[in-house]
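Protein chains: 2
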Amino acid sequence: MSNEKIPYKIYLSESEMPDAWYNLRADMVNKPAPLLNPETHKPMTAEELGEVFCDELVKQELDDTNAWYPIPQEIRDFYKMYRPSPLVRAYCLEEKLQTPAKIYYKFEGNNTSGSHKLNSAIAQAYYAKKQGLTGVTTETGAGQWGTALSMACSYFGLDCKVYMVKVSYEQKPFRREVMRVYGASVTPSPSMDTEVGKRILAEHPGTTGSLGCAISEAVEVASKDPGYRYVLGSVLNQVMLHQSIIGLETKAALDKYNIKPDIIIGCAGGGSNLGGLIAPFMGEKIRGEADYRIIAVEPSSCPSFTRGKYAYDYCDTGKVCPLSKMYTLGSGYIPSATHAGGLRYHGMSNTLSQLYADGLMEAVSVPQTEVFAAAEEFARVEGTLPAPESSHAIRIAINEALKCKETGEEKTIVFGLTGTGYFDMMSYEKFHDGKMTDYRPTDEEIAASLANLPVVE
Amino acid sequence: MSNEKIPYKIYLSESEMPDAWYNLRADMVNKPAPLLNPETHKPMTAEELGEVFCDELVKQELDDTNAWYPIPQEIRDFYKMYRPSPLVRAYCLEEKLQTPAKIYYKFEGNNTSGSHKLNSAIAQAYYAKKQGLTGVTTETGAGQWGTALSMACSYFGLDCKVYMVKVSYEQKPFRREVMRVYGASVTPSPSMDTEVGKRILAEHPGTTGSLGCAISEAVEVASKDPGYRYVLGSVLNQVMLHQSIIGLETKAALDKYNIKPDIIIGCAGGGSNLGGLIAPFMGEKIRGEADYRIIAVEPSSCPSFTRGKYAYDYCDTGKVCPLSKMYTLGSGYIPSATHAGGLRYHGMSNTLSQLYADGLMEAVSVPQTEVFAAAEEFARVEGTLPAPESSHAIRIAINEALKCKETGEEKTIVFGLTGTGYFDMMSYEKFHDGKMTDYRPTDEEIAASLANLPVVE
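Those protein sequences? They're chains X and Y, same order as listed.
Counting from 1, one number per residue, gives the positions in the first sequence under our numbering.
Counting from 1, one number per residue, gives the positions in the second sequence under our numbering.
Honestly, I wouldn't trust all of these hints.
[Said to hold, decoys possible] Below, in silico cross-link-like pairs of lysine-lysine (DSSO-like), each with a Cα-Cα straight-line distance of 30 Å or less:
| no. | chain 1 | residue 1 | chain 2 | residue 2 |
| --- | --- | --- | --- | --- |
| 1 | Y | LYS9 | X | LYS129 |
| 2 | X | LYS9 | Y | LYS224 |
| 3 | X | LYS403 | X | LYS256 |
| 4 | X | LYS5 | Y | LYS42 |
[To be verified] Derived coverage of chain Y by chain X (criterion: at least 3 residues anywhere in the stretch with Cβ under 8 Å from a Cβ of chain X; other residues may be distant):
| no. | region |
| --- | --- |
| 5 | 73-84 |
| 6 | 151-159 |
Calculated from the structure, these hints are not laboratory results.
Don't be surprised by glycine CBs; every beta carbon is placed ideally from N, CA and C.
Can you make the complete structure from the sequences, with help from the hints?
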């Protein structure tokens, strides 16, 4: 093994941990386009957003000026229970690939929620508590976000109402039970708790639900009770702000050993993990202090960056949330049912969308069988069983490392390993048994879905 | 929060990690009684053991003289991928309990197998590889050991045949799939692969299997193929030797901050985690260099220490394995089906049994509803969702901390948190729904089970 001086895992000490989040938008030359009111098409005001979100989070959402947000002590204390997360040198993977490349990954799965989602969940719960609220509502699909939020709410003694897509509620009873351990109430969606749920159930009695419907239910419940607000685990700027802890820790760990990455890779669904990982590096790039190749990896069955349109669109299928200018496949786009794992969102963070439009980052899409092959190869040599989402980044990291093998270049590759695959074994089983197929929407399908974009003057 | 200087998590650096395992038996005044051949009742020879186990592991098993075993570099490299495990200061739990006690736990769940089992799995796989074997066989119940061994075998390119108790195979398909990701073959036991399996299936066509039967199948397969050996995840001295890494790291981390524990607590099934955690502390105690209260915690439904007999007994229900002198409930003892989680073994490590007989440690048993209540309390403030097994130690740690609250004593409590509860959500659900009951065998039941102990002259 080369380079003995760098340990397998670089841990920051508590005193080396970042004490502020970094707001990348402050350094962007072209700011992301504002969220628009879905009815008036005028920029959303703080007041309007405050009906759904906590006041402090609204402030963060709208702020593209202040670069640094000190992390409140209560949140730093919680972070200390599971952070810093390790930056791991993938010595065994390098050896297996026989590549001169140096590969590092930032592993966010060492907490009970199993992913990076906890970084923002604890922040959002904190601000809700600080505002004197009784609780928060949210939706969850696969359950990572719901679990993270349950943990965060339990810590601050906050009520947590989770609307879980009915099919997941039934297929993933363990995820549901983890949330219950943390005291959350978990309701299969659509439910009879809400007007929108009742309406959908009346129209489609046998429906197994959708994320769009669960969002609508959670938003409705929060809007009707002044003691509650709605919280969201991805896409939003406030979430990317909190997730900057990933990139800041990564950068601090690399700096400690004078390591300069050449390529930074992350998977992209709504963009929270990728946005968090790249934030400080992108800041340097924008300010002209350094140059990096930054690559977003998305599934070929949901290719918003690589085949979507940069335009204003609805954030939810119910069309009640604000409009956001982003790379989108159309709010009615639903990836094929054959697609395993997450990264199913039709759009993308508006900040990342602006950066991509400005040519500051690349994007690539990969078919899922190649993703699972990379996941298995990684697990067998590096030990950790990766989440399918994270494995999109593994796939491209391996591909780039193999290019280095051909050219002989000793590039340094950093990727985000956002979580563990414990709760995705059904997909792994499909892959193993040769029952997993790839899906790529046709140009016609995407065009049809994009035909319904809202017209914004 | 008091004592700001001690971080939430104490991590050793790579250079501070132990480079040798500690063999506690070398320092014991009364050595554990030897294993006996089940037919002749004479001490098992290295040759006899070598038919089933790897040569180097046989040597370790029989050695009660050498205190230190240097850890081979290949194993240390693997350890670096998931070790050192953190020693966590339970600040939030202390605050919740309002206790002056200082509570620490050594968390072994931060690896894909989810428990401490990997520490010995990688060692056993290494020695099998070194001996030039094709592969190893083993049994698994809940699946933690099978997962750990699959990971270890995959790392060294060794074939891994796991016999999984049929009921678990069917009820825990995710565990099975994790093993398959790592390339193991997983066979529901009893199977038609073996003579013993065929015999049992002929006698009990509808059986859902048992650990005892799975052991017999794994041993048979290993005995019949010279390229294979059988490996075991607990009970044996070799396993306790490898698991000493837990205690050595714990001690190094405590020493770094000049922390002297008063009480050390671990859960006890076969004894591998407890034996590993306490090893260096018990060594000091035996040598008169320090004094500690050391407490083994077992389920009240399977109370081998607290209500069993110290005598020679069969290690397996099939009575094919060597006899061991240990605290036992009788090899036919099966805890009530209402008992959730692990720690179901009828006996105990013979080393720990000798230490307990010599008055060097205490033991206590707890009913499972109290264990799950502690687990939930812990999860909600400390974040990590604990395994039911580990939660036995949490229960007693909390009890001891509450005693300190009454007396005002600032005791330092250290306990082992051996793993995560991800795969035990069915038990958590039962607890939540108020459907979990406690079970305590009657004196008559235990006496009846003990009536069948082998007569050893």
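Okay, the hints, checked on the actual structure:
{"no.": "1", "hint": "LYS9(Y) with LYS129(X)", "verdict": "26 Å, holds"}
{"no.": "2", "hint": "LYS9(X) with LYS224(Y)", "verdict": "42 Å, violated"}
{"no.": "3", "hint": "LYS403(X) with LYS256(X)", "verdict": "27 Å, holds"}
{"no.": "4", "hint": "LYS5(X) with LYS42(Y)", "verdict": "52 Å, violated"}
{"no.": "5", "hint": "73-84", "verdict": "holds (count 5)"}
{"no.": "6", "hint": "151-159", "verdict": "holds (count 3)"}
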